[in-house]
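Participant: So the chains spell out like this:
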Amino acid sequence: MDLGSILHTIFNFENYGELLALVQNSVLAGAVLGLLGGLIGTFVMKRDLAFAVHGISELSFAGASFALLIGADIIFGSLAGSVAAALLLGLMGVRARDKNSIIGVIMPFGLGLGILFLALYQGRAANKFGLLTGQIVSVDTVQLQVLAGTAVVVMLALAAIWRPLSFASVDPEMAEARGVPVRGLAIAFMVLLGVSVALSIQIVGALLVLALLITPAAAALRVTTSPRLVVLLSVVFAITATVGGILLALGSRIPISPYVTTLSFLIYVVCRIIGNVRANRGINGRIVRPGAAMGQAAEDQAVAG
Amino acid sequence: MDRGIFLTPVVSLRGAGLQFGQRALWKDLDVDIQAGEFFAVLGPNGSGKTSFLKVLLGLQQLHSGTVTVAGHPVERGSRKIGYIPQQKSFAPDTPLRARDLVSLGVDGHRWGLRIKAKAVNERVDALLDLVGASDYARVPVGQLSGGEQQRLRVAQALAAEPELLLCDEPLLSLDLHHQQAVSSLINRQCHERNSAVVFVTHEINPVIDYVDRVLYLAGGRFRVGTPEEVMTTEVLSELYNSRVEVIRANGRIVVVGLPDATTHYHDDAHAGVEEGH
Numbered sequence: 001m002d003l004g005s006i007l008h009t010i011f012n013f014e015n016y017g018e019l020l021a022l023v024q025n026s027v028l029a030g031a032v033l034g035l036l037g038g039l040i041g042t043f044v045m046k047r048d049l050a051f052a053v054h055g056i057s058e059l060s061f062a063g064a065s066f067a068l069l070i071g072a073d074i075i076f077g078s079l080a081g082s083v084a085a086a087l088l089l090g091l092m093g094v095r096a097r098d099k100n101s102i103i104g105v106i107m108p109f110g111l112g113l114g115i116l117f118l119a120l121y122q123g124r125a126a127n128k129f130g131l132l133t134g135q136i137v138s139v140d141t142v143q144l145q146v147l148a149g150t151a152v153v154v155m156l157a158l159a160a161i162w163r164p165l166s167f168a169s170v171d172p173e174m175a176e177a178r179g180v181p182v183r184g185l186a187i188a189f190m191v192l193l194g195v196s197v198a199l200s201i202q203i204v205g206a207l208l209v210l211a212l213l214i215t216p217a218a219a220a221l222r223v224t225t226s227p228r229l230v231v232l233l234s235v236v237f238a239i240t241a242t243v244g245g246i247l248l249a250l251g252s253r254i255p256i257s258p259y260v261t262t263l264s265f266l267i268y269v270v271c272r273i274i275g276n277v278r279a280n281r282g283i284n285g286r287i288v289r290p291g292a293a294m295g296q297a298a299e300d301q302a303v304a305g
Numbered sequence: 001m002d003r004g005i006f007l008t009p010v011v012s013l014r015g016a017g018l019q020f021g022q023r024a025l026w027k028d029l030d031v032d033i034q035a036g037e038f039f040a041v042l043g044p045n046g047s048g049k050t051s052f053l054k055v056l057l058g059l060q061q062l063h064s065g066t067v068t069v070a071g072h073p074v075e076r077g078s079r080k081i082g083y084i085p086q087q088k089s090f091a092p093d094t095p096l097r098a099r100d101l102v103s104l105g106v107d108g109h110r111w112g113l114r115i116k117a118k119a120v121n122e123r124v125d126a127l128l129d130l131v132g133a134s135d136y137a138r139v140p141v142g143q144l145s146g147g148e149q150q151r152l153r154v155a156q157a158l159a160a161e162p163e164l165l166l167c168d169e170p171l172l173s174l175d176l177h178h179q180q181a182v183s184s185l186i187n188r189q190c191h192e193r194n195s196a197v198v199f200v201t202h203e204i205n206p207v208i209d210y211v212d213r214v215l216y217l218a219g220g221r222f223r224v225g226t227p228e229e230v231m232t233t234e235v236l237s238e239l240y241n242s243r244v245e246v247i248r249a250n251g252r253i254v255v256v257g258l259p260d261a262t263t264h265y266h267d268d269a270h271a272g273v274e275e276g277h
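As they're listed, the protein sequences go chains H and U.
Each residue of the first sequence is one higher than the last, beginning at 1 in our numbering.
Each residue of the second sequence is one higher than the last, beginning at 1 in our numbering.
Extracted from the complex, chain H is given alone in its bound form (with noise of 0.2 Å):
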């Protein structure tokens, strides 16, 4: 295969007004999943929990392929698992060292799980590749009311724990002086995470769930540090990824998350460079007064003198 026929088997816009109405669900599906990891995931960069989504993905996928081979519904599987590994880790690990290394058990222990569900299963391969992989999914519309469904109550409830969360993700000692219920609210958390990742494995994948609800957050922290704007960068990157993602893939027969992965990975490059570009020139907000500044110079050639 040259490069000519590969960059036409990744890049394929051939029939692209046809396809685009076929995938009308699919498309809405990643904007919904975009707005859900752009809000989710800068709470994940707060409370630095971006191992821990890693892991829920694992056992997720675990879920996900049981479900496959018993032949149950397979988002119901992916959220069984992945809520069931939220909840053991917002229950066991204090600690963000406890977290981790909990983590990095179960994470292979979900992984070996879902790999035997696969191998036993009998079905469509494509199936299978599609758990680990992501795929444009034919979202009908049934699934595509579940899906929106679940996101609005998902971020419903981050909405109305959003302040105390906020306070406990980065401040939690003074959070619990002030009565907040800094444990209460770290176990919610990790439930509407758990849900999240369940959600997002459908479109990209349990190994690449990470560009969804890390990469977009993490990109927006490089460029500002107002809450405000780190949430709304992160939604709009994440949006871009998904949707400008499935844009892209629809007429090759690739899955779609490389494509979601390499822009999420562009926006957050981009960022980066913006950000060290601003530390550089020292803009961290600060306003320097010349008088003071002047009058300090001043001092220090009277102490000189």
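Note that these hints are calculated values from the structure, not bench results.
Mixed in with the good hints, there may be bad ones.
[As the list claims (entries may be wrong)] Below, computed lysine-lysine pairings styled on PhoX-like, alpha-carbon distance capped at 25 Å: (1) 88(U) x 46(H); (2) 116(U) x 88(U); (3) 27(U) x 54(U); (4) 116(U) x 46(H); (5) 99(H) x 88(U); (6) 46(H) x 128(H); (7) 80(U) x 54(U); (8) 80(U) x 116(U).
Let chain H serve as the given structure and place chain U on it in line with the hints.
Facilitator: For chain U alone, coordinates are given in the frame of chain H:
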């Protein structure tokens, strides 16, 4: 001004005792702290100073006795209490600007999303102005110095206009300039705005001009009184059960011969005394 003996004390402890396992930190403690009083809690490491604060915050149960704040039993997260913790650095990339840290003190404990953003912003601006932090309002907290962060902690604690301000070693690891700035902010809240202040410290000198009364905890015993009454050779020797010398020089207090060698030793005046021996 007559503060009035009829007023309910802001803090009232009766027969209060605290122990971990078999070790009693303190017991039979009766103290009333009035509005506008600067109350310092002193003592060596492990004497139960921080636990004393945790009792008032409702994060620690008393082993015996009772405690009330503003006439009511203590409750976690009371809006009558402001809390200033020890300075603890934030990671440089913490997604939080100075003004966001202060705003957590204004409405961070409430459920839901922030609806009245304008009112909160105005309140935050006023608090930043009060502690002289307006110039770095938009700087990420991880990029501020320890002293600047502690000013923000003061603003955060004052957000609810507390009747009681609890301070847990707020000057630790600050340079002299910021020690003075932060302690004078706390003093203003106490003596001008009439909050009761409970100030836990192992070093009384930075706040010696402001302190009204001292609670000195050591070896399971305690003594309450003015600094003149408590910070004496006799009282401290009795508390520590060994010979301790208290020297006063230029309005500062130097304690020599403490059994707990980690406390009081970073005092320059003290180093001079050591050499004199």
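Participant: So, for every hint listed, does it hold in this structure?
Facilitator: Each hint tested on the structure:
1. Between residue 88(U) and residue 46(H) the CA atoms are separated by roughly 17 Å; this keeps the pair inside 25 Å, and the hint holds.
2. The straight-line distance between the Cα atoms of residue 116(U) and residue 88(U) is roughly 30 Å, outside the 25 Å bound, and the hint therefore fails.
3. Our distance criterion of 25 Å between C-alpha atoms is met by residue 27(U) and residue 54(U), whose separation comes to about 16 Å.
4. For the hint pairing residue 116(U) with residue 46(H), the CA-to-CA distance comes to about 24 Å; that is within 25 Å, so the pair holds.
5. Restraint check: the Cα-Cα separation between residue 99(H) and residue 88(U) comes to about 22 Å, which is no more than 25 Å; the hinted pair holds.
6. Using a Cα cut-off of 25 Å, the hinted pair residue 46(H) and residue 128(H) is violated, with the two alpha carbons roughly 34 Å apart.
7. As the CA atoms of residue 80(U) and residue 54(U) are separated by approximately 15 Å, the hinted pair is consistent with the 25 Å bound.
8. For the hint linking residue 80(U) to residue 116(U), the alpha-carbon distance of about 22 Å falls within 25 Å, and the restraint holds.
Hints 2, 6, counting from the list given before, are not met by this structure.
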